[in-house]
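Engineer: Listed below, chain by chain, are the residues.
Protein chains: 2
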Amino acid sequence: MPNVSNLDMMMNPRSVAIIGASKNPDKVGHVILQNYVNAGYSGRLYPVNKDADEIMGLKAYARVGDIKDRIDLAVIAVPAKFVPGVLEECGKAGVKSTVVVSGGFAEIGQVKLQEDLVKIAKKYNMPTLGPNCLGVMDPRSRVDTLFLPTFKLSRPQIGGVSFVAQSGAVGSTILDLISGEGFGLSKFISYGNAAHIDEVDILEYLMNDDETKVIVMYIEGIRRGRDFVELAKKITKKKPVIVLKGGRTAQGMQAAHSHTASLAGSWESYEAVFRQFGFTIANDISELLHYAKIFASEPEPRGGRIGIVTNGGGVGVLAADAIGNSGLLKVGSLSDVTKKELRRKMPPLVNISNPIDIAGDAGEDRFNTAMSLLADDDGIDMLLVIALFQTPGADSTVAARLIHYKENSEKPMIVLTIGADYTRMHKIMMESAGLPVYDSPDAAVKALKALLMYYDYRNNTP
Amino acid sequence: MPNVSNLDMMMNPRSVAIIGASKNPDKVGHVILQNYVNAGYSGRLYPVNKDADEIMGLKAYARVGDIKDRIDLAVIAVPAKFVPGVLEECGKAGVKSTVVVSGGFAEIGQVKLQEDLVKIAKKYNMPTLGPNCLGVMDPRSRVDTLFLPTFKLSRPQIGGVSFVAQSGAVGSTILDLISGEGFGLSKFISYGNAAHIDEVDILEYLMNDDETKVIVMYIEGIRRGRDFVELAKKITKKKPVIVLKGGRTAQGMQAAHSHTASLAGSWESYEAVFRQFGFTIANDISELLHYAKIFASEPEPRGGRIGIVTNGGGVGVLAADAIGNSGLLKVGSLSDVTKKELRRKMPPLVNISNPIDIAGDAGEDRFNTAMSLLADDDGIDMLLVIALFQTPGADSTVAARLIHYKENSEKPMIVLTIGADYTRMHKIMMESAGLPVYDSPDAAVKALKALLMYYDYRNNTP
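Chains as they are written, first to last, in my numbering: chain A, 1 to 462; chain B, 1 to 462.
Bound-form chain A, shown alone (with noise of 0.2 Å):
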C-alpha cells in the first residue's frame, strides 16, 4: 500500500496543471478549466495543450515538464490511452498527485492500461485518483475538478460535511442536492475505478482532516475488506459516517456487478459490520441527505425523548406515530411545571400534552413559549418543532425566533415544515442559518434516531 493517504496536496493544491485543458468547449478539459477560472481559484493554474499557446488568457504549455513550477496536483483529461504516457511525464516532473479524470480503463475491460496507470503511481509515489472519476471539489480551497459546468450541476457552499462516492452519477446528484442545503461541504471526492487510491485511503484521511465533521458515502464494493475494518473501529470513534452502499439485493448485486465490476460480499455481511462499528446506513439517496443534516449541526442528545410543538394538530399526530414506529424514541411526558406554565402562558383552546398544539393561529410568542419550555424540562432530551406557514399566525417572524432560538439551545432541535412557495423560501431562511429543516415527520424523525444512535454507540464502546 503506498503511503497516499495524505491528499492534501490534492485537496489543497497551490498549483494545478490540466493537462488536456481545451479551448473547445464540447471538451471535458475546457469545462475543469473554466470551472477552475469562474470558482476564483487563487493559486496558480496551467493548462497544458500540445497545440495552443494560450486558453482563457492563460499562457498553455505542450507538456507538464514544460511548467517551471511545482505542481502539487495535475488534472489529467486525455483519451485514455496516453494517460500512462502523461503520468509518466507527472511523475518525471515530480508532480505531487494526479487525478485521473478520462474513462476507458478497467470498466470497459482495458486491464492492462489500468495496471499500467497504477505501476506508474506506484513507481513515483504520487497519489493518483481514478481514473474514470468525477474527482474532487473543496470549497474552501476552490479546486475543482469535475467536468459538469456549474449551470447543471450547483456547487455546494463551506460547510463540514464531506461526500465520497464510487460512483460519478450518485456523486454528482447529491453535490447538486447539497448545494440546496444549508450545512455545506468540506470535500468531495469521487474516485471511480479506485485503481490507486481507493475508500479505505479516503476514509483514513477525510476521519483525520478537522474541517470535516461528518463522512458521507456512496460505495458498491470495498476491496481492502481487513483494512477497511480497522479503520471502521477508529473512524466513529471521531465523527458520524453514513454511509448508502448500492448492491444490497441481488437484483441490485447484478446491477453493480454490470455497472462497476464490484465483486460485492453479501449485504448481510457488509451490515454487519456498519451497525457493529456504528456507521448510519441509509437506504436511499434522500436518507444520506437526511442524516447528513442533523449531523452537520445537532449536538449530542441526553435521550430519545422528544418534545414536540406544533401549530397544526394533524401533522403532530404523524410525528407522534412515526416516533411510535421507530422503535427507540419516545414522545416524551411533560413535567408538572412545564404543564402548569403552559396552562398559565397558553390561551385556553390548546391542549396541554405533548405534542404541544399550539394552534394554527400561534405566533412567535406561543412558539417561543413553548420551546422555552422544552428546553428546561428535564423529561425531554430532543426538540421537533413543527412550523407550517400556511397557517393564519406563522410568518417570518417565527422562522426568526425559531433561528434566534435555536442559537441558545443546548438540546438538539430540528424543524418540520411542509409546503410550497412560501413555505421553501422559510425553509431556506432556517437552514441557511444552521437549523436543520424537513419536510416530512418520517425523514424528520428517522434523523432524530439516527443522531440518538450514532451517540449511543460512541458513548458505549470501549
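Don't take every hint at face value.
[To be verified] Rough simulated footprint, nothing fancy, chain B against chain A, three-plus residues with beta-carbon under 8 Å:
id	stretch
1	177-191
2	284-294
3	377-390
4	420-434
Just so you know, the hints here were simulated from the structure itself, not pulled from any lab data. Think of the CB as a built atom: it goes at the ideal place given N, C-alpha and C, for glycine as much as any other residue.
Dock chain B against chain A, hints included.
Structural biologist: Positioned in the frame of chain A, the structure of chain B alone reads:
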C-alpha cells in the same frame, strides 16, 4: 342519515353567500371573500355583514334572508355562538348547503352548540360541512372557502385528484404541495368536526364524481364503521383510494385523541379493512403525493417486470435495490431481440443488461432507442427512466423526448431525476406534461408497486 351524499351544491354553486364577510383584512371572512374575488369566481357572490353596505365593490346584505336570489352555498365565518342563529336563517331562506369554517364547538368541549348545529342542518335537510374546517375548494368551479391567502398557500391547477382531510393542517399542507405537482386537483374537502357531513358522505360523493379519478384521504378516525365498510367494497372497484391514517401507534393515537377527540380503533383493524378492499396505504404525507401522482396519469400495468433506462450507473443500481426490496416487482429480463438491437444501436461501452446504462454522454437518441426497445419487449411491463440532468449529455431535448415518448406509451412509465435548480426546471417541464417524476429511487419504486397492487386487487376481486 340525511341525504347529504350529493354535495353538488357545495362544490358547484352558482351563487355563494359569505356570512361574516368583512372589510377588516384580519378577519377570516375578509380572506374568504378576497379569495373568491381573486379566483375569478363566475357565479353570483353576496357578502353578508350587518355593518357594511358594500365590501370589495360588492353590495353587502345585513342577513342572508335579504338576498333576493337562490343561494346554493353559504360560507359561515362568524363566532361560534352566532352560528346556530345564522344557520337557522339559512334554512329559512332556502339555502342549499353550508360550510361552517368557525371553530369553537366540540373540539373545545362545546358539545351542545354542535348538537344545535346538527339539529338545524337536519331540520332543513341542508348539507352542512364542518364546523371547525377549512371547507372546500374546486379549481373548476372556483369555489374556495379556505381562509388562507394564496401567497401563503398556493392553489393547485385543475386535475383529477380529489383530496379529503379531517385535519385542516394536513389538508392545507397537502393542498399547498399539490400546487407544485403536475397532476392537479379535482376537489378538496376539509371537513373538520364532521358534525353533519362526514367522511363516508364525502367518499360516496367522490366515488360518483366523474371528474375525480383518484381519491386521497387523511383521517384520524371513522365514525360510521359499517357504512364505511359497505362503501369500501364498492369504491376501489371504481377508482383508486389512497389513505393516510393518523394514530397508527399508541403515541400517535394519544396525540390524535387530544387533537380531534377521535376514539380511534386499533390500527390493525383499520389496516385489515384497507388491505381487504384494495386501498393504497400511505405511511407519510410524502407517500400520499408519490402515490397520487402515478395513479393520476398511469394506465394499468400488465405485471411487475420493470425495465430501467439510466444515464447514471449508480442510480440504476439503487433503483434495482429498491425493486429487490419491494417484494413484488422484478428487474425484467431483456428479450434476445432487445439485446441484439441494443448491441447494434448503442455504442460499445453501453452494457447490454437491465438496467440499461446508456452512460453520462447519452442524449435524446439513446434514451429514445432504449425506451422504444423496452416498450416492444414483452418481458417488460413498466418503464422507469432515470434521467440525470447533471450529465454532459442530458438537456431539455431529453426532457422533451421523454414527454413525447410518453404520449404514445401504452405501458406505465415514470421518471426519476435528482438534483437542484437545473434538474427542477426539467422536472417541472415533464410533470406539467403529465409525466410522473420522482426524486428518489425508493419513492419511484414504491409508486410502481402501489400501481400494480391496486390493479391486481381490482382484477382479482369479484
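Engineer: Look at each hint and say if it fits the structure.
Structural biologist: The hints, checked one at a time:
no.: 1; hint: 177-191; in the structure: holds (count 3)
no.: 2; hint: 284-294; in the structure: holds (count 3)
no.: 3; hint: 377-390; in the structure: holds (count 3)
no.: 4; hint: 420-434; in the structure: holds (count 4)
When each numbered hint is compared with the structure, no violation occurs for any of them.
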